[in-house]
Amino acid sequence: MTELTLIQGVNQALREAMKADPDVVLLGEDIGVNGGVFRATEGLLKEFGEDRVMDTPLNESGIVGTAVGMALYGLKPVAEIQFLDFIYPAFDQIVSELAKLRYRSGGQFPCHVVLRAPYGGGIKGGLYHSQSTEQLFASIPGLKVVVPSTPADAKGLLLSSIFDEDPVLFLEPKRIYRSLPGEVPDGDHRVPLGTARVAREGSDVSVFAYGAMVPVAQQACQGLDAQGIHAELIDLRSLVPLDEAALLRSVEKTGRAVIVHEAPRFCGYGAEIAALLAEKALYSLKAPVVRVTGYDTPFPYALEHLYLPSVDRVSRAIERTVRAA
Amino acid sequence: MASSPPGEPGDVLPLPYDADSLARRVGPAWKETLLTIYRGMLLGRILDQRLLGLQRQGRVGFYGPAMGQEATNAAVAAALGKEDWVFPGLREQLVALLRGHPLPVYLAQLFGNEKDPARGRQMPCHPTAREVGYVSMSSVIGNQIPQAVGTAWALRRKGVAAIALACFGDGATSSGDFHAGLNFAGVLRVPVLFLLTNNQWAISLPASRQSAVATLAEKARAYGFSGSRVDGTDPVAVFCAVRDAREALLKGEGPRLLEAVFYRMAPHSSSDDPTRYQPPGWGEEARLHDPLGRLEPLLEKLGLVPGPARDRLREEIETEVRQAIQATEPLPPPGPESLFEDTYRHPFPPLTEERDRFDTEQGGHFP
Chain A
43 MTELTLIQGV
53 NQALREAMKA
63 DPDVVLLGED
73 IGVNGGVFRA
83 TEGLLKEFGE
93 DRVMDTPLNE
103 SGIVGTAVGM
113 ALYGLKPVAE
123 IQFLDFIYPA
133 FDQIVSELAK
143 LRYRSGGQFP
153 CHVVLRAPYG
163 GGIKGGLYHS
173 QSTEQLFASI
183 PGLKVVVPST
193 PADAKGLLLS
203 SIFDEDPVLF
213 LEPKRIYRSL
223 PGEVPDGDHR
233 VPLGTARVAR
243 EGSDVSVFAY
253 GAMVPVAQQA
263 CQGLDAQGIH
273 AELIDLRSLV
283 PLDEAALLRS
293 VEKTGRAVIV
303 HEAPRFCGYG
313 AEIAALLAEK
323 ALYSLKAPVV
333 RVTGYDTPFP
343 YALEHLYLPS
353 VDRVSRAIER
363 TVRAA
Chain B
9 MASSPPGEPG
19 DVLPLPYDAD
29 SLARRVGPAW
39 KETLLTIYRG
49 MLLGRILDQR
59 LLGLQRQGRV
69 GFYGPAMGQE
79 ATNAAVAAAL
89 GKEDWVFPGL
99 REQLVALLRG
109 HPLPVYLAQL
119 FGNEKDPARG
129 RQMPCHPTAR
139 EVGYVSMSSV
149 IGNQIPQAVG
159 TAWALRRKGV
169 AAIALACFGD
179 GATSSGDFHA
189 GLNFAGVLRV
199 PVLFLLTNNQ
209 WAISLPASRQ
219 SAVATLAEKA
229 RAYGFSGSRV
239 DGTDPVAVFC
249 AVRDAREALL
259 KGEGPRLLEA
269 VFYRMAPHSS
279 SDDPTRYQPP
289 GWGEEARLHD
299 PLGRLEPLLE
309 KLGLVPGPAR
319 DRLREEIETE
329 VRQAIQATEP
339 LPPPGPESLF
349 EDTYRHPFPP
359 LTEERDRFDT
369 EQGGHFP
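Protein chains in written order, with my numbering: chain A, 43 to 367; chain B, 9 to 375.
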């Protein structure tokens, strides 16, 4: 065990994967000499050489298209998209190619690429360095979408993603890249995709969160203990596949659910969870499902603290749910 | 290149070769090469005629003919190496067949039946043939271009002496991924050959409206490598150009662009009506540049496939096509379980639940 930040967990996972398998290669903007604008790839060019750590021209469609071609021939490319906000030029390559190659070729051309992308707000980045648009990708059959919230999970989930057989969008909560260090197992530490984590046990209400909203929800839950409200916090970790069983188990126990995410509410990922609970846990519910989310607007700059779900907003939502019935 | 460039109506010179020049340019096996290419071109033409007919009869859902492109396709197939990978554009299916993809399997894709390796998931003319290095294509224009660059990079990294061939049409030169792919290739200096098949039309838009440059080939210069033009109706010229470019690529000389210019002799697809946009006389002009019409007199002159032998060859291919259609058309569609396979390596909920309740749902007994 070593205490690391989340970004160091990412860096360690990349290094472990590259040491374990010569087919693992990295590509992206500023990832080589500069070590990535967030330093996720720091030191890797020096350690593994230009043949495996490629600084690319500034074109996301080119990055993902090139990664697709590498993967088709058997490499395991990990491409960095500098910010999730800049991924849209590559949307066509992701939706039309990456997600569909296995299907449209009858399994002849599986295409395993990991796309790493810092996402989310709280860094004073304005519209184009802050968005959470995971729902766009979670709705594309063929892709997996993974979001760590701790340094240990950043390492363990990224290693599992790199050695998975399907394409993975790996979303990194940049707001907590450095702010919340934690113990990280050494060596080849892997966390299986599709398993949620019980971040905190409780009996009165289930709170579902992922990425940078996990520590916010954690703080809200802790604050409510004094009022006798014991909230259970589930860190989803993986949006696709979703650990349905873990969610249902929790709601069957508590009878109440609060969903927290940064992305806008309408057609957000929380809608899928609410629908799941309506389909499979309705008779366990004692109160309406509540969502605490970003507002249905683009992401603001000056007022981002009011836009993002705060500890206070989450606490009120939990209280309201518990008092509803 | 001695043959006449396309685009000069009514002025089509015969292919300017004799035995000596062919031996010099193609090599000692020139006869075999020329016959292989000719047979391939005939197969392409016969398939197009037959399958367009089947489409008109409602037996195939859609068809995209490649009439006019036969010389380019057959010559490319003859010039490539076995380990090379082909990223097709819209009309390179013949390349897959000539690299050894079995005709009945190809037809199964058109019929969308159980023998289609891709299990009836794509519309016709989208074969997938890994066994011959022919990559599954999407219908989105230009997406394959950066992918070929990535594969070329992987070939180099793995030390395989082979190239990636990216095929695309004149319309694709306007796509963002044309720019992305050529730019990446120029910077990375990988062994990728960009084969621009310019049939002068992107559905209804003439190449002159696709770009303001004089020739599309010269775009390569902006990416730091050479682009050249070849008469795409002259199989000898295409064969030599691809072979030479390939050799340069394998020496590590970086990417190349080759623009093969020819005439689209058929509608864009079975859903298209070119009388809405092509000027009167275009069809006639295109027929003057029919690659088969140009090659056959040369073969005659060389005494390679005289008239009766040509008829026999044609009959032989027609029989092969007919038998393959007869064997393939009656096959059943893929089983319904295939709906739920190959989206992920191992499916998970909710997909597995959708699969498990499929029978009940389809029977009208919803849970």
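Do not take every clue at face value.
[To be verified] Computed list of lysine-lysine pairs in PhoX-like fashion (alpha-carbon distance at most 20 Å, straight line):
no.: 1; chain 1: B; residue 1: 309; chain 2: A; residue 2: 118
no.: 2; chain 1: A; residue 1: 118; chain 2: A; residue 2: 61
no.: 3; chain 1: A; residue 1: 61; chain 2: A; residue 2: 88
no.: 4; chain 1: A; residue 1: 61; chain 2: B; residue 2: 39
no.: 5; chain 1: B; residue 1: 123; chain 2: B; residue 2: 39
no.: 6; chain 1: B; residue 1: 39; chain 2: B; residue 2: 227
Keep in mind that the hints were calculated from the coordinates and are not lab data.
Against the earlier hints, flag every one the structure doesn't satisfy and list their numbers going up. 1, 4, 5 and 6
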